[in-house]
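From first to last, the protein sequence lines stand for chains G and S. The numbering of the first sequence is the working numbering, which starts it at 2 and goes up by one. The numbering of the second sequence is the working numbering, which starts it at 2 and goes up by one.
No lab work stands behind these hints: they were computed from the structure. Careful, some of the hints might be misleading.
A pair holds if it fits inside one copy or across any two, identical chains being indistinguishable in the list.
As a list, the in silico DSBU-like pairs of lysine-lysine whose alpha-carbon atoms are at most 30 angstroms apart [unchecked claim]:
#, residue 1, residue 2
1, K350, K182
2, K319, K250
3, K38, K250
4, K350, K319
5, K173, K242
6, K250, K125
7, K182, K242
8, K125, K162
2 protein chains.
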Amino acid sequence: MQTKNNHLVIMAGGVGSRFWPMSNEDRPKQFLDILGKGRTLIQLTLDRFAELIPIENVWVVTGERYADITREQLPEIPESNILLEPCRRNTAPCICYVSWKIKKLNPMANIVVTPADHYVEDIKSFKEAVGEAMEFTAETDAIVTLGVKPTHPETGYGYIKADLAFSSSRKKHVFRVDGFKEKPDLKTAEAYISEPNYLWNSGIFVWSVSTIVNAFRVYQPTMSKGFEALAKVFGTAEERKAINAFYEKCESISVDYAIMENAEEVFVRPIDVGWSDLGTWGSLLKQSPHDDHGNALIGKDVAVFDTQNCIIHTTENKRVVVQGLDGYIVAEKDGVLMICKLSEEQRIKLFH
Amino acid sequence: MQTKNNHLVIMAGGVGSRFWPMSNEDRPKQFLDILGKGRTLIQLTLDRFAELIPIENVWVVTGERYADITREQLPEIPESNILLEPCRRNTAPCICYVSWKIKKLNPMANIVVTPADHYVEDIKSFKEAVGEAMEFTAETDAIVTLGVKPTHPETGYGYIKADLAFSSSRKKHVFRVDGFKEKPDLKTAEAYISEPNYLWNSGIFVWSVSTIVNAFRVYQPTMSKGFEALAKVFGTAEERKAINAFYEKCESISVDYAIMENAEEVFVRPIDVGWSDLGTWGSLLKQSPHDDHGNALIGKDVAVFDTQNCIIHTTENKRVVVQGLDGYIVAEKDGVLMICKLSEEQRIKLFH
Numbered sequence: 002m003q004t005k006n007n008h009l010v011i012m013a014g015g016v017g018s019r020f021w022p023m024s025n026e027d028r029p030k031q032f033l034d035i036l037g038k039g040r041t042l043i044q045l046t047l048d049r050f051a052e053l054i055p056i057e058n059v060w061v062v063t064g065e066r067y068a069d070i071t072r073e074q075l076p077e078i079p080e081s082n083i084l085l086e087p088c089r090r091n092t093a094p095c096i097c098y099v100s101w102k103i104k105k106l107n108p109m110a111n112i113v114v115t116p117a118d119h120y121v122e123d124i125k126s127f128k129e130a131v132g133e134a135m136e137f138t139a140e141t142d143a144i145v146t147l148g149v150k151p152t153h154p155e156t157g158y159g160y161i162k163a164d165l166a167f168s169s170s171r172k173k174h175v176f177r178v179d180g181f182k183e184k185p186d187l188k189t190a191e192a193y194i195s196e197p198n199y200l201w202n203s204g205i206f207v208w209s210v211s212t213i214v215n216a217f218r219v220y221q222p223t224m225s226k227g228f229e230a231l232a233k234v235f236g237t238a239e240e241r242k243a244i245n246a247f248y249e250k251c252e253s254i255s256v257d258y259a260i261m262e263n264a265e266e267v268f269v270r271p272i273d274v275g276w277s278d279l280g281t282w283g284s285l286l287k288q289s290p291h292d293d294h295g296n297a298l299i300g301k302d303v304a305v306f307d308t309q310n311c312i313i314h315t316t317e318n319k320r321v322v323v324q325g326l327d328g329y330i331v332a333e334k335d336g337v338l339m340i341c342k343l344s345e346e347q348r349i350k351l352f353h
Numbered sequence: 002m003q004t005k006n007n008h009l010v011i012m013a014g015g016v017g018s019r020f021w022p023m024s025n026e027d028r029p030k031q032f033l034d035i036l037g038k039g040r041t042l043i044q045l046t047l048d049r050f051a052e053l054i055p056i057e058n059v060w061v062v063t064g065e066r067y068a069d070i071t072r073e074q075l076p077e078i079p080e081s082n083i084l085l086e087p088c089r090r091n092t093a094p095c096i097c098y099v100s101w102k103i104k105k106l107n108p109m110a111n112i113v114v115t116p117a118d119h120y121v122e123d124i125k126s127f128k129e130a131v132g133e134a135m136e137f138t139a140e141t142d143a144i145v146t147l148g149v150k151p152t153h154p155e156t157g158y159g160y161i162k163a164d165l166a167f168s169s170s171r172k173k174h175v176f177r178v179d180g181f182k183e184k185p186d187l188k189t190a191e192a193y194i195s196e197p198n199y200l201w202n203s204g205i206f207v208w209s210v211s212t213i214v215n216a217f218r219v220y221q222p223t224m225s226k227g228f229e230a231l232a233k234v235f236g237t238a239e240e241r242k243a244i245n246a247f248y249e250k251c252e253s254i255s256v257d258y259a260i261m262e263n264a265e266e267v268f269v270r271p272i273d274v275g276w277s278d279l280g281t282w283g284s285l286l287k288q289s290p291h292d293d294h295g296n297a298l299i300g301k302d303v304a305v306f307d308t309q310n311c312i313i314h315t316t317e318n319k320r321v322v323v324q325g326l327d328g329y330i331v332a333e334k335d336g337v338l339m340i341c342k343l344s345e346e347q348r349i350k351l352f353h
């Protein structure tokens, strides 16, 4: 349910080129229709929250070079809600800035913060979870993270240890957090997922603006004071210049380190919604529609013979015929063709 | 050595699309730089004979739809020497037509006939062989075929059985032919190549114009009379129309069946010059320059990792990165990408 206090912050600062040649620094993953759904990941992100958040309360924080593509892909959003970072400083400065912006407009605001480049399959359950978390944070000083029910012992994510015995009296699906765990090794990850109370840290946060601003005041006083001092120029012609000057000086730190691991009233709302951060070609293959042989074929005219477990991604108007491959990535974009074993995808960064 | 009587006939009627997507009906193999040498196969064919044949004596017989591309690729050749077939009728009508054309201009002409889409590595030895054969046919009524010393028991070629005991008194490398053999099965091919006197039929012929015209008169009298009757309109505005009408009626038959297997004064000049008809992707891989891992990489910017025995062919201005392939064809052209195991290349015709 939308309320006028509900705000959405889409963090779209990623410059990843893990999906090269599909993604590159000119067009990172969030601006691509990487799943072949007719909408880019940032558009799908907006869609996912549309029923919960009035469009005028949607904020995007992204890099300066992505200003045009953001406006182009999300024309519904007020232009003044697109905040541009002059440099990359991880998530804490981004969230601190937008929180002060929102606070100035509405001190009663209730905020959900999300990465722009994740995927959720079961949107209905996801909305229920976010809605519940927002109802909770509207009434409390809680910081809530969505925690993903693990499907495998992933070593690429941080984990949240939940205290399942201690659910909120207000919301029975919201639990107190026992601790945040760094990316584990495989053995530790296996131990985690053998227990019911370890969840993946999704990087999706819910809090009221007063809660998060207070948390920054306490745990990141320098950063918080800096943005607070700039609040007087927010909405004026001076904002960009002042922000650019201050941003450079900000510490590059994640909100997890800066706030979450220190804060006291931290809760987690477990979700089991087919979430993926689409962090690897393998996860992309998993989330994309398959043929009977486990191939994800994204493109207008892709034909395969004797081929299985491949992801073939050609968003251009190409005819593609593949025979005799098992477990490969075939990706083509902008005059670049890449063929690589899925099991070797970590080497892609060396190729471009 | 050039003499003004020497003529070259380049048969460029092939429409093969075995090298799809590189080749297709709009641009068959002879018009492609399939080896990445900066010259197309028909241009390399002309180059190969340049020292032997005056340029004004070079003839090309090709399909009507290839008139423009032929003129574009061989601008040195007089336009009137490009003969256009209205339909495909195999090699005999093509050779009969051009032989009557040449005879009308020069009854003393001495002719070498070659396909447009073969490759020869050792051009120096090849020129010696052709020169010797032409000297022989200038003095005799002989029909000479170049016979390729086999390198493996190929089942895709016809074989020539030479009588090595009976070399010409005039040319010690020219031998009488004992017989032409159809494409053999593997066992027969293995038996052939275990003997020194079996050679591959290259489809390259040498004869004087009077010899070949007489042979057509004897063995293909209807065809021969037809073209002879049209000789009076050769070089006039009526030629095309008259040829088009007659060509339709010609039997579709190869010069091998029509003439060679019947003629009496048939000789063979063995060659061992790195010849290939470039009939398969495998032969293309063999003839192309390799890296240390047996890869033929044709394209402006092709990088491979953990890859061997692959042919990667992208004539367009593409960046290509391939990891982890062994024994594959990767070919891209005009918006079409094909990946196929070399061992399955016979299936390519099913793909397009």
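Violations among the numbered hints, reported as their numbers in ascending order: Checked against the structure, the hints that fail are numbers 2, 3, 5, 6, 7, while the rest are satisfied.
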